[in-house]
Amino acid sequence: MTPRDEASDDLLAEQRAYYDALAAHYLDGAIPGSEQAGDELVAAIDAFAPAGDVLELACGPGTWTPHLLRHASTVTAVDSSPRMLELAASVPGTTAVRFQRDDLFTWRPDRRYDVVFFGFWLSHVPRERFADFWSRVADALVPGGRVLFVDDAYRTPDELVQGEESTTIRRRLRDGTAYRAVKVPHEPAALSRQLADLGWDVRVEQTNGPFYWGAGRRADR
Numbered sequence: 000m001t002p003r004d005e006a007s008d009d010l011l012a013e014q015r016a017y018y019d020a021l022a023a024h025y026l027d028g029a030i031p032g033s034e035q036a037g038d039e040l041v042a043a044i045d046a047f048a049p050a051g052d053v054l055e056l057a058c059g060p061g062t063w064t065p066h067l068l069r070h071a072s073t074v075t076a077v078d079s080s081p082r083m084l085e086l087a088a089s090v091p092g093t094t095a096v097r098f099q100r101d102d103l104f105t106w107r108p109d110r111r112y113d114v115v116f117f118g119f120w121l122s123h124v125p126r127e128r129f130a131d132f133w134s135r136v137a138d139a140l141v142p143g144g145r146v147l148f149v150d151d152a153y154r155t156p157d158e159l160v161q162g163e164e165s166t167t168i169r170r171r172l173r174d175g176t177a178y179r180a181v182k183v184p185h186e187p188a189a190l191s192r193q194l195a196d197l198g199w200d201v202r203v204e205q206t207n208g209p210f211y212w213g214a215g216r217r218a219d220r
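Mapping to numbering that gives the first Met the number 0: the sequence shown position 87 is 86, numbers consecutive.
Calculated directly from the structure, the hints in this document are not laboratory data. Glycine included, every Cβ here is placed at the ideal spot set by N, Cα and C. Watch out, some of these pointers could steer you wrong.
Pairwise CB distance ranges (calculated) [what the hints assert, rightly or not]:
id, residue 1, residue 2, range
1, Thr155, Arg110, 32 to 42 Å
2, Arg110, Ala177, 37 to 47 Å
3, Val160, Asp8, 16 to 26 Å
4, Ala46, Arg110, 23 to 33 Å
5, Gln99, Ala188, 30 to 40 Å
6, Arg100, Ala188, 31 to 41 Å
7, Asp9, Arg171, 10 to 20 Å
8, Arg192, Ala46, 20 to 30 Å
9, Ala16, Asp131, 15 to 25 Å
10, Gly51, Arg171, 18 to 28 Å
11, Gly198, Gly51, 21 to 31 Å
12, Ala46, Pro209, 37 to 47 Å
Derived pair list, reagent style EDC-like, types lysine to aspartate or glutamate, alpha-carbon separation capped at 20 Å [as the list claims (entries may be wrong)]:
id, residue 1, residue 2
13, Lys182, Glu204
14, Lys182, Glu13
15, Lys182, Asp151
16, Lys182, Asp52
17, Lys182, Asp9
18, Lys182, Glu85
19, Lys182, Glu127
20, Lys182, Asp200
21, Lys182, Glu163
22, Lys182, Asp157
23, Lys182, Glu158
24, Lys182, Asp19
25, Lys182, Asp113
26, Lys182, Asp8
Kindly generate the complete structure, drawing on both the sequences and the hints.
Here is the structure:
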């Protein structure tokens, strides 16, 4: 393992620890101007209609799980944080969801699904692990399966401790404890091209607010 790999592993461990510690207050940190844009994301999910067997990666506290359940036959929700999974399992209407704890950077799918969904996760995948993550997504889909994601590129000036060009940020809990995390500020057009280079046909759209969403499938399936 190279020093760069070790640094990346340390950073990702810190990111996991941050979100586990943040779990109880995760929904308190709304992005300015996000209310109407959030409605756009819900509308995008409903238009996509994630039917069949759905895999939700990085489910967090279950923010998006009920929206998936409106369309899905089954939902399997994966997250690395036990506190997030506990919150997700307490969301009304999710008793039939199969919750699974796993580190998404070492996770391998144990079966294939009709749809893979992830909300506010892609921006936390380091650039050097982007291709590997999408290879795992491909392995989790049935032939002709679809992918849907929602995310944002929002970063505050005080988070950019290593400058705007860096994708490593620093965030603090209410008690002031600081953690490093990954935040890649993807732009929709560039993201769509990057996915096309990996063999995906994905349409990425910006909302009227700070969010974007993407939907598509493998170009060769």
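Hint-by-hint comparison with the structure:
The beta-carbon spacing between Thr155 and Arg110, approximately 39 Å, falls within the hinted interval of 32 to 42 Å. Between Arg110 and Ala177, the C-beta spacing of about 39 Å keeps the proposed range 37 to 47 Å intact. At roughly 20 Å, the beta carbons of Val160 and Asp8 sit within the given window of 16 to 26 Å. A hinted range of 23 to 33 Å for the beta carbons of Ala46 and Arg110 is consistent with their spacing of about 26 Å.
At roughly 34 Å, the beta-carbon separation of Gln99 and Ala188 lies within the given 30 to 40 Å, and the hint holds. For Arg100 and Ala188, the hinted distance range of 31 to 41 Å is satisfied, since their beta carbons lie about 35 Å from each other. With their beta carbons about 18 Å apart, Asp9 and Arg171 fall inside the hinted range of 10 to 20 Å. A beta carbon spacing of about 23 Å between Arg192 and Ala46 agrees with the range 20 to 30 Å that was offered as a hint.
Hint check: Ala16 to Asp131, Cβ distance near 22 Å, so the stated range 15 to 25 Å holds. For Gly51 and Arg171, the hinted distance range of 18 to 28 Å is not satisfied, since their beta carbons lie about 40 Å from each other. The hinted window of 21 to 31 Å between Gly198 and Gly51 holds, with their beta carbons roughly 22 Å apart. The hinted range of 37 to 47 Å is not satisfied by Ala46 and Pro209, whose Cβ atoms lie roughly 20 Å apart.
Proposed proximity of Lys182 and Glu204 is supported: the alpha carbons are some 19 Å apart, at most 20 Å. Taking the CA atoms of Lys182 and Glu13, the gap is near 13 Å; set against the 20 Å cutoff, the hint holds. For the proposed pair Lys182 and Asp151, the alpha carbon gap of about 9 Å is at most 20 Å, so the pair holds. For the suggested pair Lys182 and Asp52, the alpha carbons sit about 29 Å apart, so the restraint of at most 20 Å is broken.
Taken as a hint, the Lys182 and Asp9 pair is honoured in the structure, with Cα atoms around 15 Å apart against an allowance of 20 Å. Taking the CA atoms of Lys182 and Glu85, the gap is about 25 Å. The hint is violated against a cut of 20 Å. This hinted pair checks out: Lys182 and Glu127 have alpha carbons roughly 13 Å apart, not beyond 20 Å. As the CA atoms of Lys182 and Asp200 are separated by approximately 24 Å, the hinted pair breaks the 20 Å bound.
Our distance criterion of 20 Å between C-alpha atoms is met by Lys182 and Glu163, whose separation comes to about 11 Å. Between Lys182 and Asp157 the CA atoms are separated by roughly 13 Å; this keeps the pair inside 20 Å, and the hint holds. A distance of roughly 10 Å separates the Cα atoms of Lys182 and Glu158; the hinted pair therefore holds under the 20 Å criterion. Between Lys182 and Asp19 the alpha-carbon distance is near 17 Å, which keeps this suggested pair within the 20 Å criterion.
Only pairs whose Cα atoms come within 20 Å are accepted, and Lys182 paired with Asp113 is rejected, the gap being roughly 28 Å. Our distance criterion of 20 Å between C-alpha atoms is met by Lys182 and Asp8, whose separation comes to about 15 Å.
Violated hints, listed in ascending order, are 10, 12, 16, 18, 20 and 25; each of the other numbered hints is respected by the structure.
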